[in-house]
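A.B. asks: Going down the list, the protein sequences come from chains U and G. For the record, in the first sequence the residue sitting at position 191 is 191 according to the numbering used here, with numbers rising by one throughout. So the number in the numbering used here is just where the residue sits in the second sequence, counting from 1, plus 1000.
The set of hints was computed from the structure by calculation and includes no laboratory data. Hints may be right or wrong, so weigh each one.
To be verified - Straight-line alpha carbon distances no greater than 35 Å define the calculated DSBU-like cross-link-like pairs of lysine-lysine that follow:
{"hint": "1", "chain 1": "G", "residue 1": "K1183", "chain 2": "G", "residue 2": "K1226"}
{"hint": "2", "chain 1": "G", "residue 1": "K1101", "chain 2": "U", "residue 2": "K179"}
{"hint": "3", "chain 1": "G", "residue 1": "K1226", "chain 2": "U", "residue 2": "K172"}
{"hint": "4", "chain 1": "U", "residue 1": "K172", "chain 2": "G", "residue 2": "K1183"}
To be verified - Some chain U residues well away from chain G (every beta-carbon gap over 12 Å; in silico):
{"hint": "5", "residue": "L9"}
{"hint": "6", "residue": "T18"}
{"hint": "7", "residue": "E33"}
{"hint": "8", "residue": "V39"}
{"hint": "9", "residue": "S44"}
{"hint": "10", "residue": "R71"}
{"hint": "11", "residue": "T92"}
{"hint": "12", "residue": "V95"}
{"hint": "13", "residue": "T97"}
{"hint": "14", "residue": "R147"}
{"hint": "15", "residue": "K172"}
{"hint": "16", "residue": "V174"}
{"hint": "17", "residue": "E176"}
{"hint": "18", "residue": "A181"}
For every residue, glycine included, the Cβ atom is placed at its ideal position computed from N, Cα and C.
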Amino acid sequence: MNQSFNRELAALCQMRLTEITDADSAALTQFAECRLMAVGVASSYGEDVTQRAFQAVLEGLEIRRHGRRPRLQDIESKSAFQNYMRGVISSTIGVMTRKRGFRSEHLQWDDNIHTMVPGGRSPTVEAVMRNLQEELFPRLRARAPRRLLPTIAAWESVFLYSDRIPAIGQRKYVREVQKLAQEVITDLGGLQ
Amino acid sequence: MRKLIFGPFFVSSCAPALCCSEIVPLSLQLEWADPETAVSIPLFLRRPRISTFRVRLEYVLFELSRLPFDVECSPSQIVEIASGTFLPMDALLKELYTNYKVDRPIFASLAEMASLVPLPNPKGHKSVLSQLLVPDAENRGFLVTEVGRDRDRIYVEFGWRSVGQEYVFYAGTCAFDHASDGKLDSGHWIPHGAIGVAQLLSADLRRMARGTPYRLFNSGGRIFLKEGTKPIHLAAISF
């Protein structure tokens, strides 16, 4: 992606951001509150999470800054952009449910230690996994029925550290998410 | 399990300022003792990065270098600055009450902290819903803080607050599903997504519910669940 295309994308994204009304923002906060309740986190974080999501997108507009960068199809219409923002909110909430352990001798131990991949990963494999995560989850959310979203959010939160999908709600949802993920990965051209 | 012979108590202290505007000392420390050791941990307050964020329990921090035992917390609550790494006191308090036999009820510790640390109501302007729970729960300070609906599922969020205090501590969430005949089921608890004292408060709620969340509600609360829940949130949002 060259820099001029980035600028066009950023301008379009900025336009979509200006289209967001107070009512749209309130609806996104309500979405965040419901997502938070579904994953067992205080819903009072709803406003904060929504603001963080918008902040991440704003940061993504700036070159050399971290943040979220929507794809062209995410900003081709206002409703597509709102859907994208819901994805960012779900992802932000997923991060809130991650766990990191610290030992009293001050050595940090691994996240999600009970499902840690033995032996760890090389930086190359780590980078591949991160890329896969970025490609997989937005597509998975776009295809998934609403009932699977909590399971997808829980999986995304442990994706880099675990080879298991956490069961949120009914166990059959795990199988459904696995099946959907296989379809997405097939569409992506399979695992490299 | 080891037993505390003192505390935990929140005690005034003098702490030097850090060279970071994001974290300020609270001039307060958390103290306790078991038969072998006495521990005192200075506390700090993280200032929200975005000015409109409300200060919350999770913003009360302690330095990793003072960590007395293993803890787990959410990475989003960890603050790393030049002078060190800071972890949420919420997770520390939860581990303390989980790993030690503590005579002082968690409610007393939280009430003391809420009286000393200026924490606003995390729900902001929103009011809480009182008189929906059985007297045992209401008398202990539990209340309903939020109700949300997602299709046939109703989420109910609980909080706890000490008498006369504004800050409501999050105490867990349960969900009720509508059966095909339209009736609500007896509900189930949503597993906690974050580590903290909410897990301790929730354990007390579950004990009172004797298995099913529905039992926590009085007759008015049950009518509210059946008729008064607002059809909001995901139900109004299409994908």
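A.B. asks: A separate judgement is required for each hint: does it hold in the structure or not?
C.D. replies: Now the hints, each set against the structure:
1. Straight-line distance between C-alpha atoms of K1183 (chain G) and K1226 (chain G) comes to about 8 Å, which keeps the hinted pair within the 35 Å bound.
2. For the proposed pair K1101 (chain G) and K179 (chain U), the alpha carbon gap of about 46 Å is over 35 Å, so the pair is violated.
3. For the given pair, K1226 (chain G) sits about 28 Å from K172 (chain U) by alpha-carbon distance, which is consistent with the 35 Å threshold.
4. The hinted pair formed by K172 (chain U) and K1183 (chain G) meets the criterion: a straight-line CA distance of about 24 Å does not exceed 35 Å.
5. With a closest Cβ-Cβ approach of about 23 Å to chain G, L9 (chain U) is found to remain outside the 12 Å limit, as its non-interface label requires.
6. A cut-off of 12 Å between C-beta atoms confirms that T18 (chain U) is not in contact with chain G; the least separation is 19 Å.
7. Non-interface status of E33 (chain U) relative to chain G is broken: a Cβ of that chain comes within 12 Å, the nearest being about 6 Å off.
8. Some Cβ of chain G comes within 12 Å of the Cβ of V39 (chain U); the nearest lies about 4 Å off, and the non-interface call is violated.
9. With a least CB separation of 4 Å from chain G, S44 (chain U) falls inside the 12 Å interface cut-off, contrary to its annotation.
10. Against chain G, the non-interface label of R71 (chain U) holds: every CB pair exceeds 12 Å, the least being about 17 Å.
11. Remark: the non-interface label on T92 (chain U) conflicts with the geometry, its nearest Cβ contact in chain G lying 8 Å away (cut-off 12 Å).
12. Separation of V95 (chain U) from chain G is inadequate, the least Cβ-Cβ distance of about 5 Å not exceeding the 12 Å criterion.
13. Residue-level check failed: T97 (chain U) sits 4 Å from the nearest beta carbon of chain G, not beyond 12 Å.
14. With 12 Å as the threshold on Cβ separation, the claim that R147 (chain U) sits away from chain G is violated: the shortest Cβ distance comes to roughly 8 Å.
15. Interface exclusion of K172 (chain U) from chain G stands, the closest Cβ pair being 15 Å apart, more than 12 Å.
16. Against the 12 Å criterion, V174 (chain U) stays outside the reach of chain G, whose nearest CB is about 15 Å from its own CB.
17. No beta-carbon of chain G is positioned within 12 Å of the beta-carbon of E176 (chain U); the least distance is around 16 Å.
18. No beta-carbon of chain G comes within 12 Å of the beta-carbon of A181 (chain U); the shortest separation is about 17 Å.
The structure does not agree with the numbered hints 2, 7, 8, 9, 11, 12, 13 and 14 stated previously, though it agrees with the rest.
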